[in-house]
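Chemist: Spelled out, the chains give:
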Amino acid sequence: MSKLLSPNAGPASLPRRIMQQGRYETITMLRNGEQLILAVVLPLMALVGLVVTPLLDGLGGSRVDVATPGILALCAMSTAFTGQGIATGFDRRYGVLRFLSTTPLGRGGLIAGKILAVLVVLFLQVLVVGAVAGLLGWQPRLEAWLPAVGVLVLGAAAFTALGLLVAGTVRPEATLAITNLLWILLGALGGIVVPAERLPPLLQGIVQVLPSGALGQALRDAFLLGAVPFPAVVVLLLWTILAGAAAVRWFKWN
Amino acid sequence: MRSPDSPVLTINGLIKDVGPLASLDGKMLRVVSGLSLVAERGQVTALLGANGAGKTTTLECAQGLQKRTGGSISLLGADPDTAGADLRSRVGVMLQDGGLPPSARPIPLLRHVAGMYQKPMNVDALVERLGINQFSRTSVRRLSGGQKQRLALAAALIGNPEILFLDEPSAGLDPQSRQMVFELIAELRDAGMGIVLTTHLMDDAERLADYVYIIDGGHNVVEGTVAELLRHDHAADSAITDRTLYFDAPGGLDFTGAVSGGLQITETRSGSYSITGAITPKDLASLTAWWAERNIMPASLRLEARSLEDVFLDISGRDLR
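Which chain is which? The protein sequence lines are A and B, in order. Per our numbering: the first sequence = residues 80 to 333. Per our numbering: the second sequence = residues 19 to 339.
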């Protein structure tokens, strides 16, 4: 008998495999410098920019109260869409997805691990952005957090599904370009940090059905009004279901 | 001489079509067409064939990475297309392109993969055994081809698999690492693991394989132990050779009568000769005597037995092209 080899004892339990993958992906995301710029540095710069300029004045709250929910929505888009999309695109290129899907982790476990990593990184982003916003005078109502977290998780689900759809269907270089470009476009004009009513009239109708506009709107309403708008939740749910189904249908593993 | 235990892998009449995007004319392309094989425990089974013969596609169908178009596959008694984590934990896979994340470092990566198993191999012992400790601080992206290959082998082995798939295991290996990898494969085979590998190198198959399937055009054309294949005689084909004697001597010599009549003498280019056929010691003696009489000293002299390469070229040349 080989000194190395011992009898096969089966896979680790499913929760352990998902935790293992989630931890690994989280560490990989946090070690990626470019990703940290997109996930933390740029959102914080946008937050400060919105607080020192009069762009959001007259929207029913202090500048920081109106700005912070949008910045949290931007964070969800950074991590779930751009960050996870690019990472998955390159993992696909290098055969990492194929190799891991032959281990006990499998395809389902791999996706679950990625979602877990997105949620952990998003949690850390909320802590950092919330702390900085707090220093700038943000005072969210305590009861707003529960619906806000629910909306944030739903938004992360919609953007993860979209990110995986892009990553699984085009080359990784194209994924890089598409997800970064959309991050900038949706970030600036998608109703995520700048509410629809401050956008050109042409865009106002469009952003309400975009995941960016719906997520920004829902988070602002949750924090400012203490209520989650039903249409925005439906929009996010639809994007999650449609992008998720499309990703399941068209995702190419190799 | 196949072992009586249940096989680790049985493939019957495998068919795999790809496309329509993969081929240019919008039609489906049949990359595997009726391939069958059996791989046993405690044996190295080699799929030998040229690039594009369908070896990798066959392996990927067996691993559940690609869905087959037709035929049946039994992997440790189960269908790989519906495999769960239990089955996957008993199967080790080393992909041709490695499948390792470029930013990862070897040991954390192996510990991560080990975490997917209930009772994985000892990471330190495996790292030591494959010489991975020599480059443990280097990220995957900066590893040489051979280092990546050893790391991918370690990742495939970490879960103590019962069947191990190796797609081109010796690609990119220097002679030392090749020796190291081959010794480990032999040790695992002796410990009872069933190993299925692909290669286009005859030498790999001759050194490692207990049983060889020669694959061409998407199906198996000949199979047998290495010894059987070397004996394998397409009796009707006079091009089959037992031995070839190569030598360099002055050009334009006429060797008629120097060796027995059944042998084929060719001057491949001026001064380079080859004598092929069932060469006997007597032929060697008469040839050297012939040289001695004429005071001819060959510049080089080399005798080669029939190799698996000859068998392979013979079969693929004769039957398929």
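Warning: the hint list may mix true and false statements.
Taking lysine-lysine pairs in the DSS-like style, the calculated list, with each CA pair at most 27 Å apart, reads [unchecked claim]: (1) K137(B) - K82(A); (2) K85(B) - K45(B); (3) K85(B) - K331(A); (4) K331(A) - K45(B).
Pulled a few chain A residues facing chain B out of the computed Cβ check, cut under 7 Å [claimed, not checked]: (5) L83; (6) P90; (7) R96; (8) Q99; (9) R177; (10) P183; (11) G185; (12) W224.
Computed Cβ-Cβ distance ranges for the label pairs, DEER-style [to be verified]: (13) M46(B) - A325(A): 18 to 28 Å; (14) G210(B) - W224(A): 32 to 42 Å; (15) T284(B) - A256(A): 53 to 63 Å; (16) A68(B) - A325(A): 48 to 58 Å; (17) G89(A) - G31(B): 24 to 34 Å; (18) G88(B) - R328(A): 42 to 52 Å.
Hints were generated in silico from the structure; no laboratory data involved. Note that the structure is predicted; figures quoted are calculated from it, not measured. From the three backbone atoms N, C-alpha and C, an ideal C-beta is built for every residue, glycine too.
Chemist: Taking the closest Cβ pair, is Q99(A) under 7 Å from chain B?
Modeler: 4 Å, holds
Chemist: K85(B) and K45(B): Cα distance at most 27 Å?
Modeler: Answer holds: K85(B) to K45(B) is near 18 Å, not above 27 Å.
Chemist: Quick check on the hint: P183(A) CB to chain B CB, less than 7 Å?
Modeler: 4 Å, holds
Chemist: Look at the Cβ atoms of A68(B) and A325(A) and judge whether their distance stays inside 48 to 58 Å.
Modeler: 39 Å, violated
Chemist: Go ahead and decide if the range 18 to 28 Å is satisfied by the Cβ distance of M46(B) to A325(A).
Modeler: 24 Å, holds
Chemist: Return the status of the interface hint for L83(A): holds when the least beta-carbon distance to chain B is below 7 Å, violated otherwise.
Modeler: 6 Å, holds
Chemist: Is the straight-line distance between the alpha-carbon of K85(B) and that of K331(A) 27 Å or less?
Modeler: 13 Å, holds
Chemist: Assess, step by step, whether the Cα of K137(B) is no farther than 27 Å from the Cα of K82(A), and give holds or violated.
Modeler: 15 Å, holds
Chemist: Cβ-Cβ distance between T284(B) and A256(A): within 53 to 63 Å?
Modeler: At roughly 59 Å between Cβ atoms, A256(A) and T284(B) fall inside 53 to 63 Å, so the hint holds.
Chemist: Does the interface hint hold: is G185(A) within less than 7 Å of chain B, judged Cβ to Cβ?
Modeler: 6 Å, holds
Chemist: Given R96(A) as an interface hint, is its Cβ closer than 7 Å to any Cβ of chain B?
Modeler: Holds - the Cβ of R96(A) comes within 7 Å of chain B, reaching about 5 Å at its closest.
Chemist: Mind checking the alpha carbons of K331(A) and K45(B) for me, to see if they're no more than 27 Å apart?
Modeler: 19 Å, holds
Comparing the model with each earlier hint shows violations of hints 12, 14, 16 and 18; every other hint is respected.
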